[in-house]
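**Q** Chains C and W supply the protein sequences, listed in that same order.
When you line the first sequence up against full-length UniProt numbering, it's residues 1 to 371, in that order.
When you line the second sequence up against full-length UniProt numbering, it's residues 1 to 359, in that order.
Do not take every clue at face value.
[To be verified] Derived BS3-like pairs (lysine-lysine); straight-line CA-CA distance at most 27 Å:
1. C:Lys196 / W:Lys80
2. W:Lys80 / C:Lys139
3. W:Lys227 / C:Lys368
Hints in this document: simulated from the structure, not taken from any laboratory.
Keep in mind the model is a prediction, meaning the values are calculated, not measured.
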Amino acid sequence: FSWTCLFYTTHFYHTLLNKPEMQNEMETSSSNLSAVLTREQGLQYYRTMQTMRRMELKADQLYKQKIIRGFCHLYDGQEACAMGIEAGINPTDHLITAYRAHGYTFTRGVCVREIMAELTGRRGGVAKGKGGSMHMYAKHFYGGNGIVGAQVPLGAGVALACQYQGNNQVCVALYGDGAANQGQIFESFNMAALWKLPCIFICENNKFGMGTSVERSSASTDYFKRGDYIPGIKVDGMDVLCVREAIKFAADYCRAGKGPIVMELETYRYHGHSMSDPGVSYRSREEIQEVRSKSDPITMLKERMLSNNMASVEEIKEIDVDIRKVIEDAAQFAISDPEPPLDELCNHIFANDLPMEVRGTNPWVKLKSVS
Amino acid sequence: MASLGCFLRSGKNAVSVVLRREFSKTPPAAVQVNVRDALNQAMDEELERDERVFLLGEEVAQYDGAYKVSRGLWKKYGDKRIIDTPITEMGFAGIAVGAAFAGLRPICEFMTWNFSMQAIDQVINSAAKTYYMSAGAQPVPIVFRGPNGSSAGVAAQHSQCFAAWYGHCPGLKVVSPWNSEDARGLLKAAIRDDNPVVFLENELMYGVPFDLSEDVMQKDFVIPIGKAKVERRGTHITLVSHSRCVGFCLDAASVLAKEGVECEVVNLRTIRPLDVDTIEASVMKTGHLVTVEGGWPQYGVGAEICARVMEGPAFNYLDAPAVRVTGVDIPMPYAKILEDHSVPQIKDIIFSVKKVLNM
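Bound-form chain C, shown alone (with noise of 0.2 Å):
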């Protein structure tokens, strides 16, 4: 095999600003770069993107069978984008996302079975069921947020604490193309251009808003271009390597001090919106069909290595019948661990506190919280 390879990524856009102090000069270029994969990543990228495409799966078939209720937004088709940030970044650095939430989930830190656990509200689930799909939590992972744009602004605040304890992280705050014209986001971008906050703000630019694209969305569809007086780049979001890179140099540019960097990854959705939406009013089956056939991002990797003898058809074969087992122990757990027990009901309420009641739902309803 060969253990290494050198790619020239597709190319992406600087938009850099020629002089700091003159916010409306920007020099737009854009640059090939070239990315070293080794045969090891390679193999780590494809099964870490895989299972999260498996995942998903599952999920759309658990929520079919009414197992999954509630709110369940896929992420199948956005893959690399989870996959090459998490690449690019330390397990140290911290990352918070929107409700489209279960691929950074993964990415971060959570296995298969307690994500699964979590989206059929079993005990086993990372946040004992209490939280659901979009409320699930990691190490230095700050969800899986409801609220549209919120989350930006809660990032940034967290690049703030990085700065604030000066442990060289950097913070990734994601939010859609939907979210980007959200007058929060704006607000923190001047707060953290003002700061020199170490955030990389990351707009996930899947075409559409639930159904509205971005044509009919926003006045302006750059949205690497909307930071204004920061430095904006858009990355391919379906080439692994792209997203890599793209993150490598923004983590560098934002531990430096320089202040925050805004990038846009242009991807795709294959599910609609959520559970509930087919996805098919406000777009094309044929849009849908030729994304996956030209552009997705698994097979892409699959083929790169494949046709750089990086692997073997039979290796990938292997490694997609192991996720095949991960993801089906992990639904079956899902499906038969227990709901959480009652009295967890009023627990988690405040932290660190002593023992207190709750009202139920009667005045004769005394219930038990603790921390």
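Using the hints, position chain W against chain C.
**A** Structure of chain W alone, referenced to chain C:
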């Protein structure tokens, strides 16, 4: 000889008794501190005690605070700990919550609580609910503070009381100090608390001085959140109040005392969690209840107190229906005569007490 010894002994005893009496006559070292300075000192001491504590908000640094509550702090602690923000409440409240996620202990000031409406999503959905949603994985040790309720002549958009709104939400602690001791002890408790605390101050109380004992001036003086205080003992009727209205209740009680009505005045100190036990104990003693607040009546703090008393053991001790004295159910007008008639006055409290007591 024996009588001389006796005399000496008794003389010595007499002298020491006199000396003891002299010591007990010495007043405790009390200091006059107004509410503003009490808040300032509390923040100063907590900033010094824990380097994770920091203050952010509009004008808190170089302006010394819009109401001078943070005077001197920026000079002492600098840009890192005292941060002036742009006028972007939603953004900076979110940033404060994010900083709390990542291990700091922010104090987020809203210039007035009216502006918190811009940021209320961050207070409720990002701060209050997160510990629960994460099943205990993510605590949020943050204090949101600022002046709440009516002021003087600031009209409708700057006069709303938010005690009921924030008091409604599980996951928040909501605190409403009246005097300097409350302000000092509750703010220290709030900053040391690992949970989101909504700290409702009152602009008109900032300049009011109170005597603070030596005990209260200790660096570790904290008032437990969730405990009300009986400010005045009485037997005929219970007045329950919070913030500035506590003072009005005490004034009304003085007037009523002259007519032989002894009011028990309960200072809630905390809106959430509500100290129902103290309220019930008082009502069970007096048999009558009047709640007094500056906020609007509908779905307010007084409404909650009355409902709780109805649902609990104290109901059986009520000799008359519980009644609420509140702000008038209108947006706050500007003209002084109208504004004066929009908020509870001492005469309104006296009137209601007499009605409840059937006088």
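**Q** For each hint, tell me whether it holds in the structure or not.
**A** Verification of the supplied hints:
1. C:Lys196 / W:Lys80: 13 Å, holds
2. W:Lys80 / C:Lys139: Since the Cα atoms of Lys80 (chain W) and Lys139 (chain C) sit roughly 25 Å apart, the hinted pair holds (cutoff 27 Å).
3. W:Lys227 / C:Lys368: Given that 27 Å is the threshold and the Cα spacing comes to 19 Å, the pair holds.
Against the hints set out earlier in the document, no violation occurs for any number.
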